[in-house]
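As a plain string of letters, each chain reads:
Number of protein chains: 2
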Amino acid sequence: MSKGLIVQKYGGSSVANPERIKEVAKRVASYKKEGYDLVVVVSALGDTTDELIELAGQISQDPPEREMDMLMSTGEQISCALLAMAIEELGHDAISFTGGQVGIITDSTHTKARIVRIDARRIHNALKENKVVIVAGFQGVTKNEDITTLGRGGSDLTAVALTKTLNAKMCEIYTDVEGIFTSDPRVDRKAKKIDSITYDEMLEMASLGAQVMQARSIEVAKKFKIPIHVRSSFSTKEGTMIVNDSKKMEGVFVRGVTLNNKEAKLTICNVPDKPGIAAKIFEEISKVGVNVDMIVQNVSHTRQTDISFTVPRSELPQALAMTKKVARQIKAGDVLKDAHIARVSIIGVGMKSHPGIAAKMFKVLAENKINIEMISTSEISISCIVKQKLGKLAVKALDKKFNLIKR
Amino acid sequence: MSKGLIVQKYGGSSVANPERIKEVAKRVASYKKEGYDLVVVVSALGDTTDELIELAGQISQDPPEREMDMLMSTGEQISCALLAMAIEELGHDAISFTGGQVGIITDSTHTKARIVRIDARRIHNALKENKVVIVAGFQGVTKNEDITTLGRGGSDLTAVALTKTLNAKMCEIYTDVEGIFTSDPRVDRKAKKIDSITYDEMLEMASLGAQVMQARSIEVAKKFKIPIHVRSSFSTKEGTMIVNDSKKMEGVFVRGVTLNNKEAKLTICNVPDKPGIAAKIFEEISKVGVNVDMIVQNVSHTRQTDISFTVPRSELPQALAMTKKVARQIKAGDVLKDAHIARVSIIGVGMKSHPGIAAKMFKVLAENKINIEMISTSEISISCIVKQKLGKLAVKALDKKFNLIKR
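Keeping their order, the protein sequence lines are chains A and B.
Take -8 as the starting number for the first sequence in my numbering and just add one per residue.
Take -8 as the starting number for the second sequence in my numbering and just add one per residue.
Since the hints were made in silico from the structure, they are not lab data.
Some clues are possibly wrong.
Reference excerpt, derived from the structure (chain A facing chain B, CB under 7 Å, subset only) [what the hints assert, rightly or not]: (1) P9; (2) E14; (3) P54; (4) T65; (5) Q68; (6) L73; (7) A75; (8) Q92; (9) I96; (10) E136.
Calculated cross-link-like contacts (lysine-lysine; reagent style DSS-like; alpha-carbon spacing at most 27 Å) [stated by the list, open to error]: (11) K315/B with K278/B; (12) K134/A with K122/B; (13) K278/A with K253/A; (14) K134/A with K315/B; (15) K134/A with K119/B; (16) K155/B with K213/B; (17) K119/B with K122/A; (18) K160/B with K216/B; (19) K103/A with K380/B; (20) K122/A with K315/B; (21) K214/A with K103/A; (22) K119/A with K392/B.
Predicted, not measured: the structure shown is a model, and the values here were computed from it.
Where is the CB? At the ideal position from N, CA and C, for every residue including glycine.
Isolated chain A, as found in the complex (with noise of 0.2 Å):
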């Protein structure tokens, strides 16, 4: 008698070369032999989807999203083909899909497609007959069976989405730390294991700098209460679970800290005050196809104003030309720019409803003499912009304010 359906996920560096392939078919058999159904949803080896992408720029600067999809998804079906191969080594029986085997079907936004519906016939077929289910990760294909990518971190998403449309028990996914950290612990070693973590505390962890998990495989998993199990495929620690409501929630108001270097500052000083120029300003941006992320305006007792956003750093030539032009059309003053900033983000649930927790992130960025830049906040997190050589030193005095640390 089976104790239930488990879906895991392995990411890239969980099944960087046969070795690693060996060790996650070992776990996976250790929990057929327990009596857990399976469906293993993997990511492709180590670096093969940057050595892809790299192949393709030796074709094309600007090659066209079907093919890189075409192109992509090898990854995948190699790991998968692999992984099963492990697995019937062991003595069990194990059988690969690709996306579209498996019934993934997606839209026609090729690189970064969202899932329309899972057709899992094939593999409830193949846990009848008792078999372990390889399941290519980040990949789906339209209805006219074109193949599609998920987007970066898309494996996490075929695994949520699975666990939903399998009607799973429980979601691991297995990454090479051993679950979610207070902050980053690169650049803190004292940063704390969470043993548990809302969605929406996740979910601002995960968009503001933490790259544990891919942000909309998180929503998901929030829009159908899924649990998820996010541990590591190097050791057999319980990791940290993802749940609706944090049992240890009331009295902790603060769960993590991120640092975020990948952004870039501008301001456009001495904007005239009038209703619809800051429509004006992001819609231009927005075409040349920048992201903009954090904006701040302050409220002004003149007729000008100074605007300030951030933008990926990687999007700062294009985002600097585009906003010069618009300066000059909208007659504002200078543009200014700051390559060098960092965000570093406070998380937690009960903070809104708790307003001193503002005053002290503040008041301990200003006794290590941290100057604030900017500031954002939203419903569970506040952000402030600072000089990016003191990122590291903010995220280790907030980790120690708010007893985010071991002791």
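Once you have looked at the hints, place chain B on chain A.
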């Protein structure tokens, strides 16, 4: 107005790296500019297939064949996506397809599947939209959508089958040599390129060691009288036409000489000369999966005879063990083995009606002090087993005798 449809196939060395792929794209574009419609079949980049086999070997010594096909088919998927990008880069519309996407339906004999039918609707639609169609060679799908591969050299088969299905006017096979040669140019520098050769001659050449084209694909071409042009992707020179009737056939008896260094010889001594003994021997050997090739049994004057046969050298250990076992069962004598043999063959449609040809071959070998250990003849070929170290000498001597060299 289209000048008609041409199917082109590019082998692994023709698409070994991004630079070579760009060269192939230029050639495709030049045909397109001349007004041809094009369907292009590609093999995997250079050594990709061997690398994937090596990867599987690190996981399992005996991987499931279904998973091997899942793995191996990615090689061609990568190259067809890259070629489509390269053609788009030159300003022509292109679209890549896997074997499954263009409806190449096979039986389920994984790793050496046979094509059952091709549903070419997507190709027709893409051609109507004036797109260059790129098809991943070597692969298809079963009716259950499991990925299959067509065996080594299977891209040739994809190209020939598509030529038939699409009723194309020509199938061009691009490789790294300039066509079919009278013998291997690496063995005899003076070997001549053949302008035109019949399907039957080409079949003998392929099965006797010339590695330019897969034998199965030539069988299909013969069956449907599909004109094939074997030529180099590194030059614009005309190659070799494979046709139903060779215009230059009269007066030319020997068309080519082949050398096969990959076989080993086994001899069972003192076999009782009774009906059914040969059947018994080769039935047992086939049970261990060994492919017996040339078989020679002398007519005997006594009640005993010697039977010699060749097997692929890589399968010698299994073949030897099984042969010894059978020899005991049938109460024969010793089993002798020789791994250091070469098979030298001459090929030509006109040979059969000119009995002097065989004598001429044996005489040339004798003049060069090359001892003949086995002889076997077919409708259009004569093969001799000689000492391996004398193989190249034999080829050169035969080339000269039969006027197959450049003057």
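Holds or violated: K119/A to K392/B, with C-alpha atoms at most 27 Å apart: violated, 68 Å
Agreement of hint A75/A with chain B interface, Cβ distance less than 7 Å: holds, 5 Å
CA of K134/A to CA of K119/B, is that 27 Å or under? holds, 21 Å
Does the interface hint hold: is L73/A within less than 7 Å of chain B, judged Cβ to Cβ? holds, 5 Å
Should the interface hint for P9/A be scored as holding, given a Cβ-Cβ cut-off of 7 Å against chain B? holds, 4 Å
Quick check on the hint: E136/A CB to chain B CB, less than 7 Å? Since the shortest Cβ distance to chain B is 6 Å, the answer is holds.
Chain B contact restraint on I96/A - CB to CB distance below 7 Å: violated, 14 Å
At a threshold of 7 Å, is the proposed contact between E14/A and chain B supported by beta-carbon distances? Hint violated; E14/A Cβ to chain B Cβ min 12 Å, cut 7 Å.
Hint check, P54/A versus chain B [nearest Cβ-Cβ separation less than 7 Å]: holds, 4 Å
Could you check if T65/A really has its C-beta closer than 7 Å to a C-beta on chain B? Given a least distance of 4 Å, the restraint on T65/A holds.
Pairwise hint evaluation, K278/B against K315/B, where the allowed Cα distance is 27 Å at most: This hinted pair holds, its Cα atoms lying about 14 Å apart.
For the restraint on Q92/A, tell me whether the closest CB of chain B is nearer than 7 Å. holds, 6 Å
Taken one by one, the earlier hints fail for this structure at numbers 2, 9, 14, 17, 19, 20, 22, listed in ascending order.
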